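Chemist: Given chain A, work out where chain B with the ligands should sit, using these hints.
There are 2 protein chains.
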Amino acid sequence: MIEADIHEIDIVKAEKTKIHDVDFDNINFGRIFTDHMFLCDFIDGKWQQPQIMPYQAMSIDPSARVFHYGQAVFEGMKAYKDNNGEVFLFRPEDNHSRINKSSARMAIPEFPKEYFMNGLLTLLNLDKEWVKPGVGNSLYIRPFAIATDSAIAAAPSSNYRFMIICSPAKAYYTGKVRVLIAEKYSRSADGGVGFAKAAGNYGAQFYPTSLAQAKGFQQIIWTDANSHEYLEEAGTMNIFFRINDKLITAPTSDRILDGITRKSVIQLAEDNNIDMEVRRIKVEEIKEAARNGSLKEIFGTGTAAVISPVSAFEHAGTTYEIPDLDDSYAAMFKKQLLNIQHNLSEDKHGWRYPVK
Amino acid sequence: MIEADIHEIDIVKAEKTKIHDVDFDNINFGRIFTDHMFLCDFIDGKWQQPQIMPYQAMSIDPSARVFHYGQAVFEGMKAYKDNNGEVFLFRPEDNHSRINKSSARMAIPEFPKEYFMNGLLTLLNLDKEWVKPGVGNSLYIRPFAIATDSAIAAAPSSNYRFMIICSPAKAYYTGKVRVLIAEKYSRSADGGVGFAKAAGNYGAQFYPTSLAQAKGFQQIIWTDANSHEYLEEAGTMNIFFRINDKLITAPTSDRILDGITRKSVIQLAEDNNIDMEVRRIKVEEIKEAARNGSLKEIFGTGTAAVISPVSAFEHAGTTYEIPDLDDSYAAMFKKQLLNIQHNLSEDKHGWRYPVK
Ligand SMILES: Cc1ncc(COP(=O)(O)O)c(C=O)c1O
Ligand SMILES: Cc1ncc(COP(=O)(O)O)c(C=O)c1O
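Residue numbers (our numbering), protein chains in the order written: chain A, 19 to 374; chain B, 19 to 374.
Since the hints were derived computationally from the structure, they do not count as laboratory data. What you are looking at is a predicted structure, and each value in this text was computed from that prediction instead of being measured. Note that the Cβ used here is the ideal one computed from N, Cα and C, for glycine as well. One thing to keep in mind: the hints can contain errors.
[To be verified] Far from chain B, some chain A residues (derived; all Cβ distances over 12 Å):
hint, residue
1, I126
2, G335
3, D342
[Stated by the list, open to error] Partner residues are not named here, just some residues of chain B that face chain A (Cβ under 8 Å, in silico):
hint, residue
4, M55
5, V84
6, G88
7, G154
8, A172
9, P174
10, S206
11, G209
12, G210
13, A216
14, Y225
15, A243
Same shape as in the complex, but just chain A (with noise of 0.2 Å):
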């Protein structure tokens, strides 16, 4: 593990804390942020020296190209406190090589790994205040990375800023949610950009999905562009379903992101000698499994959510009901991650990541 040293990185204090100001018992996510703020500046052909900072407005171009060309990538990862204040992460090293796929993909330089943990430790140290202890608080931690380049043509920009910024949590999502199953929108292309966390996949979803909140879904689930009869993923989490006491979900590919609490799942669901399939899966299927009673659960896996399940899917103007059960897997689940991100439990496979 790599220890924090404040030494190797700039850093400016903030005068006084903005936590007196903020209600934690009513966060709207993402929408609050902590004191300090990390940035590093890819200039010269190398990443600068790192900083940190109060968090606060920066000046930038309007010719810079991440308004132009959508050149940026990001993460999503959260930060606990057990009951003894201790703070831990979950599988940052994961976030790390993840966000350097995005870049590969969107031609933005790799961040090196020794800045990145460097960075999000010191910087958790300084505003660690800021994660509230309490299964369902947590801090979300946002990496991103920007073109910033002040020149308009359509090219990789020789400069980009790297930067974490947090924002204290509660549960992203609350309750059950209705999904629609994507029929003519797509999320992604093969050949594409699905797999990586670059910043135009999300903003194009949100127009098909105000559609389907419109009619009364929270989320949609991809299909395959193709065909339309693959399931994929949904806006940010991974999907499972299980048939009877089967768990299925898709495969990764260049459409799908490969995420952390998926393959968490994956390996908490052998942990329980669940049957778990990572293959293709027709909307038919669960369809006529929803049909024969034999569709127990649809949850979704992410960050923000843990574990997101489902209440209901609409395909092709049909809508399924999925039954409650006593026995779910997602509650399972959740509530298994939940105790390994909080220190409440044994971590067997070395997820937890002490922030020292």
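Modeler: The following block gives chain B with the ligands in isolation, referenced to the frame of chain A:
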């Protein structure tokens, strides 16, 4: 036509012009901006007072949604000056309606036509010295809209900023280009945002294009993501193929941008009694035509380059050279378009739009 009415826009003029620092004979595309910029914010559900002010960096929060979710659209258009010092736009109302189509797909509020045209004309009147006469010279105009909300929830922004910035330009590409036909990577999916000038569409092309460039090709011709069998368009150009004396271009779709130069060329083909087919065209068809000598020309069409002739293409490891031609359609269309744009010939379709 809407007359510029500067009383409707808050104007702060630059104290002095930067124009004398500019070497207009040696301009790199998109790096130099004129003295002023146009800006209009969307707040509280409506577009606020439009403003023109000295071109300058702006202050923006690191959590602004444009950085995280690529909720951003843009346009590209040009102003031209004739030998009498009169300035013209080319079909600017089509750029307005297109940016609104892009915005709708990206869940960005549409921008009123009066604001757009009035902003454009007022800005061009202030900065008209920056439009240099002479065919090949132009002022590139970049209207764009970005999501400015300080909130990182993956949902549409409530606040936006619409801007227009301008950059003097010489010809964008010089000489003929060598192109690679896409076999693995793709630009857009059915049901996606390819038809929109959405920022993320462009950043997503940088990496595959850099691979093509490393192999000696300047551009990629994208094929359909499903089969890679059909020719679609290039990164910032639509594509035309001439087989014997017949011209072919792909139909627009939700994957392909409805280019203004493209539709102007389709009209010019009719005006010149050229046999013009708008239909899907297979990679195999042009390979066969290249082999049997009937492939006379390939050219791209777009505001930046006007017409960009292709000298060779590669597909499946084989390079096909396209011999030079005396009676080139590309050269003819380029001349006819530039003559209309620079007020050197009759404008029978009413494409020229005087900046008064
Ligand atoms: C498209 C998409 N799928 C799935 C996920 C879930 O990934 P993770 O479990 O790593 O948070 C995310 C993001 O969080 C996502 O953006
Ligand atoms: C993807 C794409 N195709 C084609 C074009 C050509 O369109 P226009 O002729 O309107 O400039 C552009 C942009 O300019 C583009 O971005």
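Chemist: All hints are to be evaluated individually against the structure, with a verdict given for each.
Modeler: Hints and how they fare:
1. I126: 9 Å, violated
2. G335: 18 Å, holds
3. D342: 27 Å, holds
4. M55: Since chain A brings a Cβ to about 6 Å from M55(B), closer than 8 Å, the hint holds.
5. V84: OK, holds: V84(B) within 8 Å of chain A, min 6 Å.
6. G88: 3 Å, holds
7. G154: It is violated, given that the least Cβ distance between G154(B) and chain A is near 17 Å, above 8 Å.
8. A172: 5 Å, holds
9. P174: 5 Å, holds
10. S206: 6 Å, holds
11. G209: It holds, given that the least Cβ distance between G209(B) and chain A is near 4 Å, below 8 Å.
12. G210: This hint holds: G210(B) lies near chain A, its Cβ roughly 5 Å from the closest one there, short of 8 Å.
13. A216: Where the cut-off is 8 Å and the nearest Cβ of chain A is about 6 Å from A216(B), the hint holds.
14. Y225: 4 Å, holds
15. A243: At 4 Å from the nearest chain A Cβ, A243(B) passes the 8 Å test, so the hint holds.
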